[in-house]
Each structure stands twice: as C-alpha cells, then as structure tokens.
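Got chain U sorted already, so can you dock chains B, R and G onto it with the hints?
There are 4 protein chains.
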Amino acid sequence: MYFDTDAGGVVHNISYLRFIETARTYLAISMGMSFEEIARTQIHPVVVRTEIDYKAPARLGDILLIHGHIGTHSGVRFHVEFEIIRPSDGKLLITCHQVLALVKMPEGHVIRLPSGFPDSFTLTA
Amino acid sequence: MYFDTDAGGVVHNISYLRFIETARTYLAISMGMSFEEIARTQIHPVVVRTEIDYKAPARLGDILLIHGHIGTHSGVRFHVEFEIIRPSDGKLLITCHQVLALVKMPEGHVIRLPSGFPDSFTLTA
Amino acid sequence: MYFDTDAGGVVHNISYLRFIETARTYLAISMGMSFEEIARTQIHPVVVRTEIDYKAPARLGDILLIHGHIGTHSGVRFHVEFEIIRPSDGKLLITCHQVLALVKMPEGHVIRLPSGFPDSFTLTA
Amino acid sequence: MYFDTDAGGVVHNISYLRFIETARTYLAISMGMSFEEIARTQIHPVVVRTEIDYKAPARLGDILLIHGHIGTHSGVRFHVEFEIIRPSDGKLLITCHQVLALVKMPEGHVIRLPSGFPDSFTLTA
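Residue numbers (the working numbering), protein chains in the order written: chain U, 1 to 125; chain B, 1 to 125; chain R, 1 to 125; chain G, 1 to 125.
I should point out that these hints are in silico values taken from the structure, not numbers from a laboratory.
Don't take each hint at face value.
Repeated chains share a single entry, so a pair holds when one copy, or any two copies, can fit it.
Stated by the list, open to error - List of simulated lysine-lysine pairs, DSS-like, C-alpha gap at most 27 Å:
1. K55 - K104
2. K104 - K91
3. K55 - K91
Being a predicted model, the structure only gives us computed values, none of them experimental.
Okay, chain U solo, but in the shape it has when bound (with noise of 0.2 Å):
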C-alpha cells in the first residue's frame, strides 16, 4: 500500500512491523487467544524486545508471504520468529524476533504464562 512505501520509493521500515503484528495476530487467534478474552481479563500479549533485520527492500505492490513461529518460552517470556519473502523472486527481505510477555492491566504487572502454552507452533500468511 502506497501509506507503507516512503520518499526512497520502498517500503518503510516501521511497516514491517505492522505486517509483523498482523501476522502475529493472525498466530495468536489461530492458537486460541481470542480479543473478546483480552477485553475481559485486561491481559495484553505485550511485545518486550523486537529484533529486525532488513535485507532487501519491498517496493509498492509488492506481494509478501510472512512466516510466523512461536519458539521457546520461559516462565514469563515467550520467542516468536518471523520471515517475510517476497514470492515472485523468492527473495528472502526480512527476518525478525520478538520477546513477549502477558501483561495485566491498567497496573501493568507480568503474568506467568499459563500451564499448556505451546512450546512451537507455525503459521504462514
């Protein structure tokens, strides 16, 4: 979408974590979480660390295939993977992890990850 390019004629590095987020979002409801739930218990899936690496840029109307993996978890974080590829080319652009915790709010207190949340699952979209 042209709001995701900038001057340089590519897309803009902060929209990849919007496509990341999407993504993630789309993992998360496929495993179970639902936003009605968050609503009620005020527990948020809160991102603690993102580690983004660029490797070749998108460019407008491009269409992108985004690989989403939740990996390891301790007792309060858990690791998601994410790749995007560029289909037509095969063109690997970004790689991306990010650290998670539950978080409740309005007071903002870590959650422990409930018994049963998955060690791995794998989503593409």
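For chains B, R and G alone, coordinates are given in the frame of chain U:
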C-alpha cells in the same frame, strides 16, 4: 520525516491527519485540557467528522506551519479548523474542518459540553 | 489490530483511512490498475479531498466489512464512496467520500482521466 | 498523542520507532545532513537492523526525552544508540540500537561512508 512520505515522493495524505491531531492536542492543552484529567474521567475528545482538502503536496524535509482555530459549538459538538502552510514559499497546502464531541468511555456516551466552553480559540504551531 | 486502536479503547479515527486506502487499492486493482504501471509511468492516484463521518466506534478485534464504489467523474477528478460496516451487529460505523485525481510525478501535473474510465464500479472487501 | 497509544492504554510498541526516527533525523540534520541533498543525490540513510528493548510503558500525555548517539562505523555501516526517558520519574523506558547504511536509489546500491564521517555524535531531544 520519511515515515510521512510515500513512493510518490510526497507526504502521504494520511500523515497530514497526524500533524493535525498533534496541533489539535496542543490547541487543547493550551486551552487547559490535561491528559491526566482525561485518564481520570475517561471523557475523551472524539472526532465525529473530518473534511480535508489537499491543495498542494509537501515533500520530504519541508518545514510546515499549522494554524488551528476552535470555532462555533452547539450543545454537544464543537468545530475546529486547520490550515497547513509551507512558509518557505507561503503556499497553502491543506485546509481541514473537523467536528468533535466529548465521549465518556467505555460506555461511549456523548457528554454535553461544559459551560464556559470557548467560542473561539486560535493557535499556530 | 492493536496498532489501530488508541487509549480510548476503540479504533483510532486515522486508522479507518488506512482501511479505506486498502479497500481503494483493491478496488483499483480489480478495475485493472497495476502498481507496475504506476511505477513505470509515475502517474499516481492522489486524494484531493476526504470527507469522513464517524458514526459508531469499532473495538479491538472487530471484523469489519468495507463497501467501495466508484461514482461519477469529471474530466480530471473521480469520486469514490466507502461504507464500513460491522457484520456482527449490522452497524454502519463509517461513511466516507473521497475525490481523487491522477497526478504525474515528480512534476505534480494533474492528468486528464483516460477515456473509458468507468462510470461506476463496486467492490466489497 | 492518541495515535501513539493502543487499547492496552499505553504507547504502542511501533510508535517508539517513529519517535526514534524523528530523533535520528534531528541528529542527522544537526550533523549537516540535508533533505535537499538527499532529494538531489537520491542517497538515503537506510535502517538495516533494529534492536529495541521495551523496559517500561509510556502513557497518553507523557513527556518523553530521547538521547541519541552515533557510535562506531565500518566502511559501509554506522551504528546509532537511543534511550527514551520519562523525566517526570526519571524512568528509562526504551533502549534501541540501529545499524544504518547509505543507499543510492533507485538502484539500491550500498554506498561507502564518506571520509570524515563522525566517530561519535550525541544529541538530546
């Protein structure tokens, strides 16, 4: 800023609405609104209508000047007007008219404007 | 998505314009517009006026439906209409009317609409 | 600003990257970069990696202070560090490390840093 521009090489149409929201916030603060008061009362200013005309484009790095003006109000709605000007050539880039209301969250009820709500107020940023 | 909401607990007024731009792009693509053609010719569709009415708020996780419609056009401007509806309760949240032109970049000249520009075209996304 | 917050009631994780890009731009301008020069040469500063740690959340209306620092550089990449602090309670909210390169558009070639590129430069905004 780069994130305000798009692949057409100019400022994206949606970015001006962020500039205007920023100016509107400064206007509200200079009229005595406080975010602490909003957080405490959960009465939020809410945009109910925007009309914006894009007369000429801004480019990466342009310094812009915004004039804001609070105009007439009825019992529950108030009107604000904005102009965005590029001082380097004096060009008028944007005119914008917004209608706002005060809304009590989370119920979403529209609140009557307090007595003493100003009839007119102007700010340049 | 979280990034579409604000501290009032509802979808931020500017986010709807991203939804509408996305719908407008799908509308344009289904009419035969191609981003490759835009990149080659540097003739970009440009919004010259937006009118948007916020009738009811969407909340985090709401599924929304957008109806888009290209209406009348003069020699250099064309009009599009959008409605955003929440199917779960049938509520009309947003109506939006935009006026666009085709602009040749980087000169910024407005281009006459090509003959055969459609008089009417509708898409739901 | 409202558009920087989300339904969790705090500043959205992506918004800090806009604050940092704004600070990075001021840093670049105070080092002598000019947008006119970028437009003329089409040599753009491009983020190739971001690491950001979210240590504590900001809320609607918080006044934030950003420290930026340009650190070491190799022949083609340079490193910048940012800290975002809330002066009202002295809390460190964000630390961020970015790696950038200079890229000639539209070809997308990475350019060698000019001789005289500073070894260190600090700005607070």
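Each hint, compared with the structure:
| no. | hint | verdict |
| --- | --- | --- |
| 1 | K55 - K104 | between (35 Å within a copy, 15 Å between copies) |
| 2 | K104 - K91 | between (39 Å within a copy, 20 Å between copies) |
| 3 | K55 - K91 | within (9 Å within a copy, 34 Å between copies) |
When the structure is compared with the earlier hints, no violation turns up for any of them.
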